[in-house]
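Protein chains: 2
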Amino acid sequence: MARPKEFDTATALDAAIEVFRDKGYAATSASTLVGALHIGRQSLYDTFGDKWRLYLEAVRRYSAQETDAHLAALKTGPRAIDGIEAMLARVVATASETCLGVGSICEFGTTQPELTKIHEAAGRRLHSAILDRVQAAQKEGGIASVIDPEQAAQFVTANIAAIRVAARAGSSGKDLAALARLALRGLR
Amino acid sequence: MARPKEFDTATALDAAIEVFRDKGYAATSASTLVGALHIGRQSLYDTFGDKWRLYLEAVRRYSAQETDAHLAALKTGPRAIDGIEAMLARVVATASETCLGVGSICEFGTTQPELTKIHEAAGRRLHSAILDRVQAAQKEGGIASVIDPEQAAQFVTANIAAIRVAARAGSSGKDLAALARLALRGLR
DNA sequence: TCCTTATTTGACTGATCGTTCCATAATTTG
DNA sequence: CAAATTATGGAACGATCAGTCAAATAAGGA
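Going down the list, the protein sequences come from chains A and B.
Residue 42 in our numbering sits at position 42 of the first sequence, with consecutive numbering throughout.
Residue 32 in our numbering sits at position 32 of the second sequence, with consecutive numbering throughout.
The hints are simulated quantities; they were obtained by calculation from the structure and are not laboratory data.
Since the structure is predicted, the reported quantities are computational estimates derived from the model, not experimental observations.
It is possible that part of the hints are untrue.
[Claimed, not checked] So, partial list: chain A residues that the calculated Cβ filter (under 7 Å) puts toward chain B:
| hint | residue |
| --- | --- |
| 1 | 105 |
| 2 | 107 |
| 3 | 110 |
| 4 | 154 |
| 5 | 162 |
| 6 | 166 |
| 7 | 175 |
| 8 | 182 |
| 9 | 186 |
[To be verified] Restricting the straight-line Cα-Cα distance to at most 35 Å, the calculated cross-link-like pairs of lysine-lysine (DSBU-like) are:
| hint | chain 1 | residue 1 | chain 2 | residue 2 |
| --- | --- | --- | --- | --- |
| 10 | B | 117 | A | 23 |
| 11 | B | 139 | A | 174 |
| 12 | B | 51 | A | 117 |
| 13 | A | 23 | B | 139 |
Backbone N, C-alpha and C define an ideal beta-carbon position, used for all residues, glycine too.
Could you put the whole structure together from the sequences, leaning on the hints where they help?
See below:
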């Protein structure tokens with residue numbers, strides 16, 4: 001056997017997420033990453049391959065963490081609609097930190113198959129969880145039954161992005177909260 | 001007097017918009033711009049200063065054009081709510097072309113004062129036009145009077161961004177139309 | 001026609017890009 | 001201790017970056 005890694009891959013990846021989320025991919029240099037991850041240049045390339053693979057890994061990890069947080073919030077509250085509301089409230093509360101998912105979609109769209117697969121995987125997981133809560137809320141009367149649940153779930157997802165773009169544009173927390181409230185109002 | 005320009009500045013700017021809107025700022029090279037604008041490199045620098053100023057000029061022009069289109073759609077229809085609906089319908093119809101405004105906000109946030117001023121100028125113009133229609137719609141009964149009109153206007157703006165981000169992520173036209181419909185539903 | 005003033009063209013700058021190579025040091029297992 | 005494996009830092013790679021310089025060209029006004 002040999003010398004074990006001195007740094008934690010996950011910690012390094014978290015640092016990469018931090019860099020990519022507020023600079024994007026193209027504007028981030030390898031030197032910046034070396035500085036931010038606190039590992040040597042060679043260790044970076046040995047561990048993650050190259051800049052693009054590191055980016056993919058960062059987006060993958062971020063998406064998983066972020067989706068986890070969404071799902072946890074969704075389980076909140078006595079009624080299903082409370083869970084949806086809690087999820088949106090969390091988005092509002094954390095909106096000052098740029099979303100790597102939104103940034104990644106805006107920067108690349110669907111032009112990079114490997115990246116798109118990551119987005120879709122996280123998207124499916126979030127969508128089905130929201131869909132589940134929407135349907136439960138419809139049974140409880142928290143969401144109108146006339147609304148197509150699939151569309152409602154997509155609407156909620158889209159409004160998460162809307163809140164985050166608004167935040168990136170400089171909107172206040174109060175204004176973001178109003179966006180969440182009006183989005184929910186559309187489902188009532 | 002001396003030799004006149006062989007190219008049209010506005011045409012060149014339109015070409016720059018085209019490049020920036022689907023590559024972003026950082027990923028666009030000066031060489032790419034020279035190729036796309038069909039003018040010499042020196043003409044580019046003489047006319048627009050440098051890459052950043054060209055970008056600012058492109059965003060400025062794009063924002064103005066886009067806001068014009070929004071305002072034109074807003075005037076449509078017998079009722080004010082019809083104008084808002086027409087505006088969203090146009091956004092859905094044109095969503096396959098990436099929005100430079102959204103891209104610019106996601107790439108830079110509010111970190112670049114000169115850029116932020118451009119966004120805010122276009123934002124104010126659009127906001128006040130939407131606000132005007134929202135208030136009219138409230139008098140006509142198309143939008144519930146209990147809703148704060150300022151918040152309603154911001155909600156509509158945010159949902160324009162939502163539709164565009166969803167489109168960039170690969171959503172179908174049908175799904176985008178559903179987003180527009182549900183957004184309007186929140187105001188009824 | 002000739003001079004003045006711009007525009008165009010293409011070669012060229014130093015800097016930085018992402019990435020690799022290499023030598024050295026460190027640490028664990030056999 | 002020796003062998004194996006990994007981390008580190010610096011030097012270097014060719015490519016490309018944004019931006020500049022200077023010569024060539026073209027179009028006014030006199």
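Hint check results:
{"no.": "1", "hint": "105", "verdict": "holds, 5 Å"}
{"no.": "2", "hint": "107", "verdict": "holds, 6 Å"}
{"no.": "3", "hint": "110", "verdict": "holds, 5 Å"}
{"no.": "4", "hint": "154", "verdict": "holds, 6 Å"}
{"no.": "5", "hint": "162", "verdict": "holds, 4 Å"}
{"no.": "6", "hint": "166", "verdict": "holds, 5 Å"}
{"no.": "7", "hint": "175", "verdict": "holds, 6 Å"}
{"no.": "8", "hint": "182", "verdict": "holds, 4 Å"}
{"no.": "9", "hint": "186", "verdict": "holds, 3 Å"}
{"no.": "10", "hint": "117(B) <-> 23(A)", "verdict": "holds, 20 Å"}
{"no.": "11", "hint": "139(B) <-> 174(A)", "verdict": "holds, 26 Å"}
{"no.": "12", "hint": "51(B) <-> 117(A)", "verdict": "holds, 33 Å"}
{"no.": "13", "hint": "23(A) <-> 139(B)", "verdict": "violated, 45 Å"}
When each numbered hint is compared with the structure, a violation occurs for hint 13 only.
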